Amino acid sequence: MPQVLTAYGLLTGQVLWLTEDSAWSPRIRDARVSDSDADMAEMEAAGKAAHAAHEVFDIYRVDIAAEPGPPRPIKMRERIRALGPTIHPGFGPQAEEHGAD
Amino acid sequence: MYRYDEFDHAAVSQRVNQFRGQVARHLSGELSDDEFRPLRLMNGLYSQLHAYMLRVAIPYGTLSSRQLRALAGIARKYDKGYAHFTTRQNVQFNWPTLQDTPDILADLADVEMHAIQTSGNCIRNVTADQYAGVAVDEVTDPRIYSEILRQWSTFHPEFSYLPRKFKIAVTASRGRDRTAVRFHDIGIRVHRNNAGEIGFEIMAGGGLGRTPVVAATLNEFVPEADLLSYCEAIVRVYNMIGRRDNLYKSRIKILVSALGAAEFTRLVEEEWAAIRNTSLRLPSDDVERIRAYFAPPHYETLANPPPELAAQLEDDRDFAAWHRQNVARHRQPGYAIANLSLKPVGGVPGDATAEQMEAVADLAERYSAAEIRVTHEQNLVLAHVAQKDLVAVWQGLAAHGLASANVSLISDVVCCPGLDYCGLATARSIPVAQQISTRFAELQKAWDIGELRLNISGCINACGHHHAGHIGVLGVDKRNEEFYQITLGGNGEYDASIGEIIGPGLPGSEIVDAIERIVEAYLGIRESGERFLDTVRRTGIGPFKEAVYDPPQR
Chain W
20 MPQVLTAYGL
30 LTGQVLWLTE
40 DSAWSPRIRD
50 ARVSDSDADM
60 AEMEAAGKAA
70 HAAHEVFDIY
80 RVDIAAEPGP
90 PRPIKMRERI
100 RALGPTIHPG
110 FGPQAEEHGA
120 D
Chain X
690 MYRYDEFDHA
700 AVSQRVNQFR
710 GQVARHLSGE
720 LSDDEFRPLR
730 LMNGLYSQLH
740 AYMLRVAIPY
750 GTLSSRQLRA
760 LAGIARKYDK
770 GYAHFTTRQN
780 VQFNWPTLQD
790 TPDILADLAD
800 VEMHAIQTSG
810 NCIRNVTADQ
820 YAGVAVDEVT
830 DPRIYSEILR
840 QWSTFHPEFS
850 YLPRKFKIAV
860 TASRGRDRTA
870 VRFHDIGIRV
880 HRNNAGEIGF
890 EIMAGGGLGR
900 TPVVAATLNE
910 FVPEADLLSY
920 CEAIVRVYNM
930 IGRRDNLYKS
940 RIKILVSALG
950 AAEFTRLVEE
960 EWAAIRNTSL
970 RLPSDDVERI
980 RAYFAPPHYE
990 TLANPPPELA
1000 AQLEDDRDFA
1010 AWHRQNVARH
1020 RQPGYAIANL
1030 SLKPVGGVPG
1040 DATAEQMEAV
1050 ADLAERYSAA
1060 EIRVTHEQNL
1070 VLAHVAQKDL
1080 VAVWQGLAAH
1090 GLASANVSLI
1100 SDVVCCPGLD
1110 YCGLATARSI
1120 PVAQQISTRF
1130 AELQKAWDIG
1140 ELRLNISGCI
1150 NACGHHHAGH
1160 IGVLGVDKRN
1170 EEFYQITLGG
1180 NGEYDASIGE
1190 IIGPGLPGSE
1200 IVDAIERIVE
1210 AYLGIRESGE
1220 RFLDTVRRTG
1230 IGPFKEAVYD
1240 PPQR
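Chains W and X supply the protein sequences, listed in that same order. Per our numbering, residue 20 is the first one in the first sequence, and the count goes up by one each step. Per our numbering, residue 690 is the first one in the second sequence, and the count goes up by one each step.
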């Protein structure tokens, strides 16, 4: 199952996703998608390094749907984390799509 | 209200500086995640689904207008312009950053506020009746004892690492309990005996969560002077023999249930006998000193009711509706208690914007002794409004969306943050509350239904107190879909009861219809004068179960 790696920014507490170039983005569409153990091992190494550098905490893998397009988490919890509270379209990453924050 | 003394001031500012240093050391890597986590929690800073969350203590739910204004300022400066009032009379900010938190705590300290005892396995912020000092049915102001317990419990060295968190509530009402006293680790009910002396019925081992328990009474009348020694004995016994091996069995309710209330009481009273006449004995001078902090504000001699009120009620139906539902009797003739609903139709229960908080602070300054109360039902109270000023207060509230006339009706939903914010939640709760308040928005209909407490929790931890709701709703995750389980017959008052599950959970798309069918069933079978809870108690869940799972074909 394809997966992405997520964490929280230490300073901001913001939900972050590991990107292709081993940086962290608040937008899940920037996330690097792993489809192999080797891929994930590389990603987790990048996560560990970021943790050691005091950039992020609570790092874990998130399962995403095997479908084309931007990564979509399987679990509702992770979908809400990726977008923001469903009751406040203006808060969180979803705000960009709604044009407000 | 209580004002900090020099020790309080020194302790809180010292704590802010400590935390500033701890944050700096964490960011530099000197303190690891594991080392920093308990330190941030001791300062009320949680990590939630989207961000950090800062929980700020509001001791016994009483705020000055200056403090409420400061909360509004924090919401605007450091957060997204709003705050959330909780089921324990506290307030939460959902979007603070770690780097701003020491500054937020410093801003709070400027107005004698802090986040101490809002997290961790300590004695948490002590709650009290929101009508304290103004209720017509109270023995004395319960906040006197809440404040004494606060002073005793804050930084109590022996109780800084209990098996689990520990919650205390104090009520002094003779009539109805407004604190859910029987669902607390220690519940305290103030009594006065025939000799005119104050004493306390002490209950212990109540709680909600995954194992709901109604507290047992350990002692019917503990004399005033023994309040602290009795509480110390309870917490000491719990601290010594409460379970630490299993998170789910570590609350005092599990210990009291396992030993039985009689045996637990025996252990407590044995301990109490040993410490009763030590420095824990409460000198009456000290009680009087604290009592003076809670002296009532200056009341004028006013007509009761004022002559113009009848015409005002006649002239404006909306004012009349608000007056009927949200205004309660005050002990002082000519005055009233005004309840401010934070449950507008379709709104988020307990949320208030910075502008709303400032508007309430303004109204409190002009009309209510510059003081505000927070209720465990996530509403606010102006406790000292002259009845002649009620129209002006109502107009001020209405201008800011704070005049919903629904206190204690079905749309006054108590609701935890649920999966929209909380990392522990298994389902969303706020959208369900929004749908319910929208479905039952029509006041005539809600009045016909009458008093109905509806509580929603987004997981088994029960922060929305669903077990105590006349109708309780618990959100669960079933194969990655939100399902909602209904309980009926819960009640948080002196005659506390735990709601009974009526059957299998329902998908999110069906829950509001199901609640409407339950309400229709009640309207069909109620007897004269029966509240929803009375009917459920009389009939049991049978008729309601049928209405939900086997409705008659129309």
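Calculated from the structure, these hints are not laboratory results. Remember, predicted model here, so these are calculated numbers, not experimental data. Be a bit skeptical, because a hint or two may be false.
Said to hold, decoys possible - To give a feel for the contact side, a few chain X residues facing chain W, derived at Cβ under 7 Å: (1) 718; (2) 720; (3) 786; (4) 788; (5) 792; (6) 887.
Claimed, not checked - Simulated coverage check for chain X against chain W, where a stretch passes if three residues somewhere in it have a Cβ under 8 Å from a Cβ of chain W: (7) 735–741; (8) 1101–1110; (9) 1117–1129.
What the hints assert, rightly or not - Computed Cβ-Cβ distance ranges for the label pairs, DEER-style: (10) X:1239 <-> W:80: 42 to 50 Å; (11) W:20 <-> X:788: 50 to 58 Å; (12) X:707 <-> W:80: 30 to 38 Å; (13) X:788 <-> W:80: 23 to 31 Å; (14) X:825 <-> W:93: 53 to 61 Å; (15) W:93 <-> X:850: 55 to 63 Å; (16) W:93 <-> X:1235: 34 to 42 Å; (17) X:1054 <-> W:45: 54 to 62 Å; (18) X:702 <-> W:93: 24 to 32 Å; (19) X:1054 <-> W:20: 55 to 63 Å; (20) W:74 <-> X:1150: 29 to 37 Å; (21) X:1190 <-> W:45: 25 to 33 Å.
Backbone N, C-alpha and C define an ideal beta-carbon position, used for all residues, glycine too.
Tested hints:
1. 718: Given a least distance of 5 Å, the restraint on residue 718 of chain X holds.
2. 720: Check failed: Cβ of residue 720 of chain X comes no nearer than 10 Å to chain W, outside 7 Å.
3. 786: holds, 5 Å
4. 788: holds, 5 Å
5. 792: Since the shortest Cβ distance to chain W is 13 Å, the answer is violated.
6. 887: violated, 45 Å
7. 735–741: Result for this restraint: holds, n = 5.
8. 1101–1110: holds (count 3)
9. 1117–1129: Holds, because 4 residues of the region 1117–1129 of chain X bring their Cβ atoms closer than 8 Å to Cβ atoms of chain W.
10. X:1239 <-> W:80: 42 to 50 Å: Holds, at about 44 Å.
11. W:20 <-> X:788: 50 to 58 Å: violated, 36 Å
12. X:707 <-> W:80: 30 to 38 Å: For residue 80 of chain W against residue 707 of chain X, whose Cβ atoms are near 36 Å apart, the range 30 to 38 Å holds.
13. X:788 <-> W:80: 23 to 31 Å: holds, 28 Å
14. X:825 <-> W:93: 53 to 61 Å: The hint (53 to 61 Å, Cβ to Cβ) holds, given that residue 825 of chain X and residue 93 of chain W are roughly 56 Å apart.
15. W:93 <-> X:850: 55 to 63 Å: violated, 39 Å
16. W:93 <-> X:1235: 34 to 42 Å: holds, 37 Å
17. X:1054 <-> W:45: 54 to 62 Å: The hint (54 to 62 Å, Cβ to Cβ) is violated, given that residue 1054 of chain X and residue 45 of chain W are roughly 40 Å apart.
18. X:702 <-> W:93: 24 to 32 Å: violated, 48 Å
19. X:1054 <-> W:20: 55 to 63 Å: holds, 58 Å
20. W:74 <-> X:1150: 29 to 37 Å: holds, 31 Å
21. X:1190 <-> W:45: 25 to 33 Å: Hint violated: Cβ distance 40 Å, outside 25 to 33 Å.
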